[in-house]
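Asks: Just so you know, the protein sequences line up as chains A and B, in that order. Taking the numbering used here, the leading residue of the first sequence gets 1, the next gets one more, and so forth. Taking the numbering used here, the leading residue of the second sequence gets 1001, the next gets one more, and so forth.
It should be emphasised that the hints constitute simulated quantities derived from the structure, not laboratory data. Treat the numbers as computed from the prediction; the structure is a model and nothing was measured. Ideal placement from N, C-alpha and C gives every residue a C-beta, glycine not left out. Just to be clear, a hint being listed does not mean it is correct.
Stated by the list, open to error - Residues of chain A clear of chain B, computed beta-carbon distances all greater than 10 Å: (1) Cys8; (2) Cys11; (3) Leu24; (4) Glu34; (5) Thr47; (6) Leu56; (7) Ala68; (8) Cys135; (9) Arg145; (10) Glu349; (11) Thr364; (12) Leu410; (13) Ser460; (14) Leu554; (15) Ala618; (16) Pro654.
Unchecked claim - For lysine-lysine, the following PhoX-like pairs were computed, each having C-alpha atoms within a straight-line distance of at most 25 Å: (17) A:Lys351 - A:Lys511; (18) A:Lys90 - A:Lys147; (19) A:Lys351 - B:Lys1020; (20) B:Lys1020 - A:Lys285; (21) A:Lys39 - A:Lys147; (22) A:Lys90 - A:Lys39.
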Amino acid sequence: MHLMDNCCDQCTHSAATPCPDYLLCRTTGPLCHESDACKEHIAAAITRVTYGDGDLRITVGMSTCGLAAGAQAVYDAVHALIQERGLPAKLVPVGCMGCCYAEVLLEIQRQGYPAAIYDHVDAQRVPPIVDAYLCGDVSGAFALRSKTGQLTGEAEVPLLSELEFFQGQVRDAIENCGVIDPTSIEEYLIHGGYQALTHVFQDLTPDAVIAEVAAAKLRGRGGAGFPTGLKWQLCRQAPADHKYVICNADEGDPGAFMNRLTAEGDPHKVLEGLIIAAYAIGASKGYIFVRAEKPLMAQRFQAAVAAARRYGLLGDAILASAFHLDVDVVLSAGAFVCGEETGMMAAIEGKRAMPRPRPPFPATQGLWHRPTTINNVETLAHVPRILAHGAAAFTRVGTPRSAGTKVYCLTGKIARTGAVEVPLGTTLRRVLFELGGGILAGKAFKAVQTGGPSGGCLPSQFLDLPLDYETLQAAGSIMGSGGIVVLDETTCIVDLARYFLTFTTAESCGKCTPCRDGLEQMLALLTRITEGQGRAGDLEQLQRLSETICDASLCALGRTAPNPVLTTLTHFRAEYEAHIHEKRCPAHVCAALVQGYHVVAARCIACGRCLPACPVAAIALRERPALPGDTGVRTAVIDAETCIKCGHCARICPVAAIEREW
Amino acid sequence: MVNEAATSISIVDDAFARVKDQTPLDSALIPLLQAVQNALGYLPAPALQRIARLLHLSESQVLGVATFYHQFQLRPTGQHVITLCQGTACHVANANEIHQFLVQHLQIPPDDDTSPDGVFTIQRVRCLGACSLAPILKIDDDIYGHVTLPKLPRILAHYTQHDRTKRAPTPSANTEAHPHAPHG
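Chain A with its partners taken away, still in its complex shape:
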């Protein structure tokens, strides 16, 4: 018997003939009918969900990040080993638990014993890891989920919660990521999934749902921080024959991947939140709008929607209520501006994703002119807990104005890259230096970039900033979706500002002039500065353009596009000035400001690869005086007169013997 199947003839639940107690029957009980035999069947089915027919569970982190680190080869190796040895194991591809820096992650657990997690696993390490664990030895593991004293080496391996990366994390939205099989509705269910939905349908009116979410002070996690309860309230009050609910999974901020991680690791949680949102506002149709560049996320959502439909959690008379809802997964064709809500609705309607002025707001006139609520993936992922455990449980952490937790993605020049979920109000310093382990390779901290192309760069004086919506805005940046890109001394701020303007210029939808033409002018100025052609007055011109674009653009993307320039002009003006007045790039990044290239003779192995790489034949091999411990006495030499400073030779050199001169 599968967990989702009816246990006996007394169970009549199906998608066509729903039973209000279906989900409780499958999990915690009480059953809709008294039967000890059925209780045993169900308990056995629950165990089988975790361990299959054996007593061993092996999981491999196979989110996009895991796959990029080589998880498929590890999965294949585990699969082969299970076949070869006939191991009684259930092999499960799971999502990412957030510690991307340690990928590929493999977790192994025998029923009744602590689970051991291994980091940086490759295919060769699989057999010894599995063998050692099966012999009761966990030494060398990355972390344990619990300690019982049953296994050798437990003392020397930390608990997962003891790792610095996890200390201070409070997990809600991503609690199941890396733990459960995202393709299995059964695994979500036995981890408490869809309990909130049952409670909502059995006990709460839509208004009571909205009141609970409002009391939890949940705010939109997509960036603007609009109160979710109020958003639902406005949409509920709008009269209409049809209403729509949209899950914004068009995660477009570069440096942010919490939505991908959430949806790839635990799509049902988001879907449960979406169904509850639809119930609250009275929507009969839902859309999950997924970014084209994140295909695995779309697959996971499609599978989750299909499973929910199969078991009657979507469709007509959900769990025997009067409520019906269908959900479609819509694949974005790729445009940053789809993240703007009116742009996204245009895309779903089949048009170019051009924003329109608001008001009217989507809550009253949205998709096909009908009231529409749009919530971000992470916002919806918080909803089940609020309804299952109450608003008070949610507001236990966070700040008075911003309750609950927020997922941040740590990337760039930081030791531990990945995603962390911490209470709102946690300081940047705590996140970066305690959880994130500080700056990579002992370099000096320079700034963090938050909020993607609409955000800003904050230097070290903001490290003790408690992160929430208001504090970030007051500092000149924004929360955005929560991407934190760490910059060290080797990052050029002017180049980074130019990078963001390249982004926003290319992504401008072209509808309004300030954004379409203004950003192009800003980009031209920044490009000139990074190419050593900057002039006095450029910075003032940048400032003026920025202010005009902020004031006059139609949508939030245009209005915030100058932020990367404005914050860096405030905090890193000297770096701009060095480019303009001294024609110097202090971070040694802007290639046009390179003075030239030279060969470090002691390192050169005279392989000759740089000779044909040079487009102007400026390199020759010459005799040189012997050096101590020498293997050859020839070296490449670059003729500075002929050299066009293209840098091909430095890129191609196998021993990094060609250096730039700044």
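Put chain B on the given structure of chain A with help from the hints.
Replies: Below, chain B without anything else, positioned relative to chain A:
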């Protein structure tokens, strides 16, 4: 070319059969374009004309949408598509150098994105969302993290030398990745 036009029209017709009940009908435009793009790697003109006719849209409306979104290509791509991430984390991890290297290594002509032998097309995308393993690139559906210039020729060779059935072996991400990352 005649064949390709016929193929593209039958792809449109097949896809249209699946969405023809969608209301309003013009919301099927992007799914139809995606069906053709996924099948052929680009949008041939006959397919666009067919879509316009089926959805009662003008050809300019269809072309307007096709040129607005990054996913759609109006020219055929090479046999393998290299998708190069240019997100912020990849940018600060020198993704530009990877692009320059690929352009040079594959002899991509200026103002083009496909190698002269038609094997590789380079596409730059905003962010693949695997920022923690930057710099990232994808070749077809295989994703590679912590890409460095010395690893690239070996990865590329895998797609030219073999009748490939699986991705190139992971360039030992485990030993080379983040040598300085302390364990949590």
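Asks: Against this structure, judge whether each hint is valid.
Replies: Results of checking the hints against the structure:
Every Cβ of chain B is farther than 10 Å from the Cβ of A:Cys8; the closest lies at roughly 39 Å, confirming the non-interface assignment. Distance to chain B confirms A:Cys11 as a non-interface residue, since its nearest Cβ pair spans about 34 Å, more than 10 Å. At the 10 Å boundary, the C-beta of A:Leu24 stays outside the reach of chain B, the nearest C-beta of that chain being 36 Å off. The non-interface label for A:Glu34 is consistent with chain B: the shortest C-beta to C-beta separation is roughly 46 Å, beyond 10 Å.
The Cβ of A:Thr47 sits about 31 Å from the closest Cβ of chain B, beyond the 10 Å cut-off, so the non-interface label holds. At roughly 24 Å, the least C-beta separation between A:Leu56 and chain B is larger than 10 Å, which holds for a residue marked as non-interface. Once the 10 Å rule is applied to beta carbons, A:Ala68 is inconsistent with being away from chain B; the minimum gap is 3 Å. Separation of A:Cys135 from chain B is adequate, the least Cβ-Cβ distance of about 23 Å exceeding the 10 Å criterion.
With a cut of 10 Å on Cβ distances, A:Arg145 stays outside the contact zone with chain B, its closest approach being about 14 Å. Listed as outside the interface, A:Glu349 is inconsistent with that label: its C-beta sits roughly 5 Å from the nearest C-beta of chain B, within the 10 Å cut-off. Residue placement check: A:Thr364 keeps its beta carbon more than 10 Å from all beta carbons of chain B (closest about 20 Å). With a cut of 10 Å on Cβ distances, A:Leu410 falls inside the contact zone with chain B, its closest approach being about 7 Å.
Taking the minimum C-beta to C-beta distance to chain B, about 17 Å, the non-interface status of A:Ser460 holds against the 10 Å cut. The beta carbon of A:Leu554 sits about 16 Å from the closest Cβ of chain B, which is more than 10 Å, so the claim that it is off the interface holds. With 10 Å as the threshold on Cβ separation, the claim that A:Ala618 sits away from chain B holds: the shortest Cβ distance comes to roughly 16 Å. Distance to chain B contradicts A:Pro654 as a non-interface residue, since its nearest Cβ pair spans about 7 Å, not more than 10 Å.
As the CA atoms of A:Lys351 and A:Lys511 are separated by approximately 13 Å, the hinted pair is consistent with the 25 Å bound. Only pairs whose Cα atoms come within 25 Å are accepted, and A:Lys90 paired with A:Lys147 is accepted, the gap being roughly 22 Å. A distance of roughly 17 Å separates the Cα atoms of A:Lys351 and B:Lys1020; the hinted pair therefore holds under the 25 Å criterion. Among the hinted pairs, B:Lys1020 with A:Lys285 is consistent with the structure: their alpha-carbon atoms are about 18 Å apart, no more than 25 Å.
For the given pair, A:Lys39 sits about 30 Å from A:Lys147 by alpha-carbon distance, which is inconsistent with the 25 Å threshold. This hinted pair checks out: A:Lys90 and A:Lys39 have alpha carbons roughly 23 Å apart, not beyond 25 Å.
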